[in-house]
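*Asks:* Residues per chain, in single letters:
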Amino acid sequence: MNEAWPFLIQLVVFAFCIGVLGLLVGGSKERRHFRELAEREKRLSHIRVCNLKRVTAPDEVEDAHMMLGSVVIATDYFKSFATGLRNLVGGEMRSAVSLMNRARREALLRLLEQAEARGASEVWNVRFGYSNISQMRGRSGGAMQVEMLAYGTAVRRRG
Amino acid sequence: MIVVNTETIPGREIAEAIGLVQGNTIRAKHVGRDIAAGFKNLVGGELRGYTELLTEARRQALERMLAQAKQLSADGVVNVRFTTSAVTGGAAELYAYGTAVRLAPAAGARYE
Chain A
2 MNEAWPFLIQ LVVFAFCIGV LGLLVGGSKE RRHFRELAER EKRLSHIRVC NLKRVTAPDE
62 VEDAHMMLGS VVIATDYFKS FATGLRNLVG GEMRSAVSLM NRARREALLR LLEQAEARGA
122 SEVWNVRFGY SNISQMRGRS GGAMQVEMLA YGTAVRRRG
Chain X
42 MIVVNTETIP GREIAEAIGL VQGNTIRAKH VGRDIAAGFK NLVGGELRGY TELLTEARRQ
102 ALERMLAQAK QLSADGVVNV RFTTSAVTGG AAELYAYGTA VRLAPAAGAR YE
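Residue numbers (this note's numbering), protein chains in the order written: chain A, 2 to 160; chain X, 42 to 153.
Simulated from the structure, these hints should not be mistaken for lab results.
Where hints are given, some of them may not hold.
So, partial list: chain X residues that the calculated Cβ filter (under 8 angstroms) puts toward chain A [stated by the list, open to error]:
| id | residue |
| --- | --- |
| 1 | G85 |
| 2 | G86 |
| 3 | L95 |
Where a beta carbon is used, it is the ideal one built from N, C-alpha and C, also for glycine.
Start from the sequences and build out the full structure, keeping to the hints where you can.
*Replies:* Now the structure itself:
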């Protein structure tokens, strides 16, 4: 019993270190991702995005084609743990909010990049689909993993 | 085959709505990818293995939908929607559905 304690303490310290390392690396990766998202959004801002079902002046557009963009993204374990704590007191789950925002913006950008490659000027009827892939792992808990899908109809306006 | 998720095909006229076409697939991830994802979860970020898996699976669901549309000799599919659901542990279902339509000949046929 006495010999088991130091080992347990070592294990806890090790897990804590891994968690903190994950938090630091994950945090910097997340900030870099947000910067990159902002740049790409600026570059693609000439494509008009709209979630209306009906295209205005449909006779002036051509080459309608559906585009998809999707991404699977996860939080680090530490943030998932923090989210668990947040459940106790309620309030906004910031880490979950940033995860969803990253996923949604990334999916939309992938859609827009495809639309740009096709020479589209507008994307209509943009919709988002979401699924929680954590359940795909056969257990709840662990890191949050989400899949975000963005789809819409890209068109090119003549003239 | 023209595929759009708007109710109409912009610039074209729909002559006839044939009916609902659908396609689905259920995919399981494989263990290697799951282990890799487990490590990736330490720092968070994109899980590329899963992104590829789901993109590929969704394309298959779409292709099955298009095969149905082709069988009905449709010209296009409008109002396409996607859903994803985690059916059992370890697998996800991807489902695509839309309305198959026949188009009127292009108005004032444009030659390009």
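*Asks:* Run every hint past the structure and note whether it holds.
*Replies:* Consistency of the hints with the structure:
The beta carbon of G85 (chain X) is positioned within 8 angstroms of a beta carbon in chain A (closest approach about 4 angstroms), and the interface hint is therefore held. This hint holds: G86 (chain X) has a C-beta 5 angstroms from the nearest C-beta of chain A, less than the 8 angstroms allowed. Hint on L95 (chain X) holds. Least Cβ distance to chain A is approximately 6 angstroms, under the 8 angstroms limit.
Every hint, counting from the list given before, is met by this structure.
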